[in-house]
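Sequences and hints are given; from them, build the entire structure.
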Amino acid sequence: MEELRRIRTGVISEDDHLSTMHDVLDAQWMLENEKDESYLRKVILPCEYLLTNYKRVVVKDSAVNAVCYGAKLMIPGLARFDDGIERDDLIIIMTTKGEAVALAYAEMTTSQMASVDHGIVARSKRVIMDRDTYPRRWGLGPTALKKRSMMKEGLLDKYGRPQNNTPSDWFYVDYGGVKTNAEGVRYGTDPGKSGSKRARPVDDDDE
Numbered sequence: 001m002e003e004l005r006r007i008r009t010g011v012i013s014e015d016d017h018l019s020t021m022h023d024v025l026d027a028q029w030m031l032e033n034e035k036d037e038s039y040l041r042k043v044i045l046p047c048e049y050l051l052t053n054y055k056r057v058v059v060k061d062s063a064v065n066a067v068c069y070g071a072k073l074m075i076p077g078l079a080r081f082d083d084g085i086e087r088d089d090l091i092i093i094m095t096t097k098g099e100a101v102a103l104a105y106a107e108m109t110t111s112q113m114a115s116v117d118h119g120i121v122a123r124s125k126r127v128i129m130d131r132d133t134y135p136r137r138w139g140l141g142p143t144a145l146k147k148r149s150m151m152k153e154g155l156l157d158k159y160g161r162p163q164n165n166t167p168s169d170w171f172y173v174d175y176g177g178v179k180t181n182a183e184g185v186r187y188g189t190d191p192g193k194s195g196s197k198r199a200r201p202v203d204d205d206d207e
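Taking full-length UniProt numbering, I'd label the letters of the sequence shown as residues 1 to 207.
Keep in mind that the hints were calculated from the coordinates and are not lab data.
DSS-like mimics (lysine-lysine), calculated; alpha carbons at most 30 Å apart, straight line:
1. 147 x 158
2. 72 x 60
3. 158 x 146
4. 97 x 55
5. 125 x 72
6. 55 x 42
From a predicted model like this one, the values you see are computed outputs, not experimental measurements.
This is the structure in structure tokens:
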């Protein structure tokens, strides 16, 4: 063996964007003395350059900081997406400016993203962007604002949970005609009244 060296890592090979330490020093001098960062941008590549071989989904600015804090990407925060995304594929969550937010596993296919109006799009594997780079926007949606006003009026307790005087329309959520949740509670009624378990019918073997 004549020599042993790494010739490729990811999408970068030894023939792409080669720079010496003198190039880095010159780029730093240009930035500090001439206020010119163009040379530095040629020497030091952004991290997004390493992620060009992944499928991408673009999120709204209002959803970026929530993903940075570990939230799953939901349909309301989705802006655009690539074709050919399959479930459990490793994808990149990006801003509208092309900044990488996180590496994530897809929870939906491309066709599902285009057809549904609710659900989880992706779950984060590794967050890249720092927190609070974008402003916090959670808690400002129509449901959150209505919940906050109902708490002030005393229709919900201080934790946002329903009480005896909570209106019945607060429990109703129309998800494509599904009227009953996993616990057997029918939407549009008070869970305290209809959430009791049904008695199991007695079989002949139990007698």
